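A.B. asks: Read off the chains here:
6 protein chains.
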Amino acid sequence: MSDRVKEFRLKREELNEQVLSRDNINIKRFFSLDTAVYNDGALDTKTKELLGLVASVVLRCDDCITYHTIRVREVGLTDEEFDEVMSIALVVRGSITIPHIRQAVKLWKEIEN
Amino acid sequence: MSDRVKEFRLKREELNEQVLSRDNINIKRFFSLDTAVYNDGALDTKTKELLGLVASVVLRCDDCITYHTIRVREVGLTDEEFDEVMSIALVVRGSITIPHIRQAVKLWKEIEN
Amino acid sequence: MSDRVKEFRLKREELNEQVLSRDNINIKRFFSLDTAVYNDGALDTKTKELLGLVASVVLRCDDCITYHTIRVREVGLTDEEFDEVMSIALVVRGSITIPHIRQAVKLWKEIEN
Amino acid sequence: MSDRVKEFRLKREELNEQVLSRDNINIKRFFSLDTAVYNDGALDTKTKELLGLVASVVLRCDDCITYHTIRVREVGLTDEEFDEVMSIALVVRGSITIPHIRQAVKLWKEIEN
Amino acid sequence: MSDRVKEFRLKREELNEQVLSRDNINIKRFFSLDTAVYNDGALDTKTKELLGLVASVVLRCDDCITYHTIRVREVGLTDEEFDEVMSIALVVRGSITIPHIRQAVKLWKEIEN
Amino acid sequence: MSDRVKEFRLKREELNEQVLSRDNINIKRFFSLDTAVYNDGALDTKTKELLGLVASVVLRCDDCITYHTIRVREVGLTDEEFDEVMSIALVVRGSITIPHIRQAVKLWKEIEN
Numbered sequence: 003m004s005d006r007v008k009e010f011r012l013k014r015e016e017l018n019e020q021v022l023s024r025d026n027i028n029i030k031r032f033f034s035l036d037t038a039v040y041n042d043g044a045l046d047t048k049t050k051e052l053l054g055l056v057a058s059v060v061l062r063c064d065d066c067i068t069y070h071t072i073r074v075r076e077v078g079l080t081d082e083e084f085d086e087v088m089s090i091a092l093v094v095r096g097s098i099t100i101p102h103i104r105q106a107v108k109l110w111k112e113i114e115n
Numbered sequence: 003m004s005d006r007v008k009e010f011r012l013k014r015e016e017l018n019e020q021v022l023s024r025d026n027i028n029i030k031r032f033f034s035l036d037t038a039v040y041n042d043g044a045l046d047t048k049t050k051e052l053l054g055l056v057a058s059v060v061l062r063c064d065d066c067i068t069y070h071t072i073r074v075r076e077v078g079l080t081d082e083e084f085d086e087v088m089s090i091a092l093v094v095r096g097s098i099t100i101p102h103i104r105q106a107v108k109l110w111k112e113i114e115n
Numbered sequence: 003m004s005d006r007v008k009e010f011r012l013k014r015e016e017l018n019e020q021v022l023s024r025d026n027i028n029i030k031r032f033f034s035l036d037t038a039v040y041n042d043g044a045l046d047t048k049t050k051e052l053l054g055l056v057a058s059v060v061l062r063c064d065d066c067i068t069y070h071t072i073r074v075r076e077v078g079l080t081d082e083e084f085d086e087v088m089s090i091a092l093v094v095r096g097s098i099t100i101p102h103i104r105q106a107v108k109l110w111k112e113i114e115n
Numbered sequence: 003m004s005d006r007v008k009e010f011r012l013k014r015e016e017l018n019e020q021v022l023s024r025d026n027i028n029i030k031r032f033f034s035l036d037t038a039v040y041n042d043g044a045l046d047t048k049t050k051e052l053l054g055l056v057a058s059v060v061l062r063c064d065d066c067i068t069y070h071t072i073r074v075r076e077v078g079l080t081d082e083e084f085d086e087v088m089s090i091a092l093v094v095r096g097s098i099t100i101p102h103i104r105q106a107v108k109l110w111k112e113i114e115n
Numbered sequence: 003m004s005d006r007v008k009e010f011r012l013k014r015e016e017l018n019e020q021v022l023s024r025d026n027i028n029i030k031r032f033f034s035l036d037t038a039v040y041n042d043g044a045l046d047t048k049t050k051e052l053l054g055l056v057a058s059v060v061l062r063c064d065d066c067i068t069y070h071t072i073r074v075r076e077v078g079l080t081d082e083e084f085d086e087v088m089s090i091a092l093v094v095r096g097s098i099t100i101p102h103i104r105q106a107v108k109l110w111k112e113i114e115n
Numbered sequence: 003m004s005d006r007v008k009e010f011r012l013k014r015e016e017l018n019e020q021v022l023s024r025d026n027i028n029i030k031r032f033f034s035l036d037t038a039v040y041n042d043g044a045l046d047t048k049t050k051e052l053l054g055l056v057a058s059v060v061l062r063c064d065d066c067i068t069y070h071t072i073r074v075r076e077v078g079l080t081d082e083e084f085d086e087v088m089s090i091a092l093v094v095r096g097s098i099t100i101p102h103i104r105q106a107v108k109l110w111k112e113i114e115n
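Residue numbers (this note's numbering), protein chains in the order written: chain A, 3 to 115; chain B, 3 to 115; chain C, 3 to 115; chain D, 3 to 115; chain E, 3 to 115; chain F, 3 to 115.
Read the hints as simulated data drawn from the structure, not as lab findings.
Keep in mind that this is a model prediction, so the values were computed, not measured.
Cβ atoms here follow ideal geometry from the backbone N, Cα and C, with glycine treated the same way.
Don't take each hint at face value.
[Stated by the list, open to error] Derived coverage of chain B by chain A (criterion: at least 3 residues anywhere in the stretch with Cβ under 8 angstroms from a Cβ of chain A; other residues may be distant): (1) 15 to 23; (2) 44 to 52; (3) 73 to 86; (4) 93 to 102.
The whole structure should be built from the sequences, with the hints applied where relevant.
C.D. replies: See below:
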């Protein structure tokens with residue numbers, strides 16, 4: 003696991019704890035729902051993480067892209083599969099996604115090694 | 003194939019022909035690219051259509067949702083798989099997607115029969 | 003309650019039932035969360051409905067605007083208060099909201115009588 | 003001027019009057035600003051209307067697209083110029099704009115005659 | 003007032019001056035309108051700032067979130083009220099807002115002290 | 003050409019090469035389409051770059067704004083023309099664009115010298 007991935011996770015967990023420590027029941031319920039929808043079910047986790055990744059790119063959310071790029075790597079996405087997800091996001095949402103795709107590709111190459 | 007699906011397709015094709023008949027080379031190239039990215043590759047067509055569907059819901063594009071809902075039905079998506087795609091879109095993009103999910107579910111039930 | 007409001011509610015309930023009858027636990031949990039966040043709490047329901055209304059306009063969701071416009075009327079919003087919410091949405095999100103504000107104002111006048 | 007254009011304008015003016023009759027000073031000021039930015043200046047009205055048109059397509063606002071399509075026709079946009087604006091919007095914002103571009107092209111052909 | 007808040011304000015004012023010094027009358031008019039809509043009226047400033055805050059989160063504008071978070075603190079928002087605004091934004095707009103809510107909560111805690 | 007512009011271009015080219023080196027044919031085709039739509043045609047390059055700039059601001063893409071701001075400067079946009087593009091983007095898309103317009107104006111002043 004690269005330093006960048008470690009750092010991303012640490013910061014993410016620290017901030018999530020800050021949010022969850024505020025004791026707002028609805029925010030807590032949302033967070034557990036956000037975990038639940040990606041669990042294995044009729045669709046497996048890999049497919050669900052792909053859905054999360056493509057949604058993150060078309061919505062242009064860099065933090066979400068980083069999270070799901072790491073996740074799809076963990077569940078065994080191949081290089082070509084990754085590129086095909088990017089190509090769909092690019093065609094659906096247009097050139098406005100290019101800056102985000104550049105970052106996703108850069109991260110993908112880093113965590114590949 | 004229900005009447006609604008037939009009508010949707012006819013109207014879509016008619017309008018696509020109007021657009022393509024204008025002879026703008028870049029628009030034509032975009033349209034063929036838009037077909038190409040969903041073809042079987044490292045990821046199969048079913049997975050790619052799921053990516054198209056989730057992107058359509060989070061981007062709240064009813065016309066696109068109709069198109070991809072019909073397509074995922076054709077490639078054999080099950081009821082439970084469909085619901086899981088909707089649940090991810092709902093959590094990623096929030097209550098603002100509910101009006102679109104209502105329409106998607108209504109269409110899904112129609113084409114199921 | 004005007005015919006338009008009655009019809010909107012009937013259709014909304016019918017479609018919500020279709021969605022909820024599908025027995026996807028995460029979708030159900032999301033729907034109850036979507037009710038819970040508008041309940042009286044540290045902020046009262048009126049203020050929360052205003053938040054829902056302004057969010058609906060800046061996100062340009064006509065169905066959501068209709069729902070929250072009816073709700074803020076029920077909880078006693080005045081004409082001037084309604085206009086001020088619209089003015090904030092308009093300035094935050096720009097002229098792109100005007101078609102939606104036109105519909106909101108039209109509905110507001112209808113349910114006023 | 004086609005019937006559809008006449009009808010669009012009548013309805014638009016009627017609703018605008020409803021909005022402006024509410025006497026919210028900030029909404030009125032916004033509306034006059036919305037007119038002012040398209041006036042001849044360092045850039046001429048035609049160029050500014052093109053900017054309004056491309057913005058409307060990438061933001062997927064059908065009402066705005068109708069308005070600016072009529073306007074660019076009035077200020078003398080040619081067929082090829084219209085198509086090039088559409089091609090830029092399509093590439094910037096992706097396939098999600100296609101349903102809106104279909105409507106724009108349909109309207110363009112109607113008002114051409 | 004924390005250093006971060008001071009710095010944010012200084013930079014914001016400096017850049018606003020750059021924009022306003024350009025002498026485009028319409029931009030100037032927009033900026034004064036942007037101030038005017040938050041002034042006390044039928045709705046008080048606190049409620050209006052809450053509207054600005056929720057709009058900023060659902061539109062995922064970090065700079066706007068920082069500005070309105072500082073403002074709602076100044077006008078006396080409590081911890082629980084702040085959390086309830088965040089919970090509504092989260093449910094309306096989904097998990098895509100979480101990275102922005104993390105930043106908002108972090109800032110809120112900083113300026114609390 | 004300022005240091006900031008040079009650096010922006012170097013980084014952009016480096017990342018583009020990473021993306022294109024992945025040998026996904028559809029991504030490559032999209033990239034060449036993205037160049038083609040801005041070429042001289044019925045509309046000249048300057049007008050097309052203005053369309054790209056206004057689209058970038060209303061879509062709030064800082065990287066795209068930087069790119070098109072540099073481009074419009076190269077093709078001879080004047081100060082007043084630049085401000086008028088910004089004023090249209092601001093009115094179309096509202097105060098949410100202000101943080102991006104601040105950055106665009108700052109960059110414009112830098113590359114002016």
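A.B. asks: Report the numbers of all earlier hints that the structure fails to satisfy, in ascending order.
C.D. replies: 1
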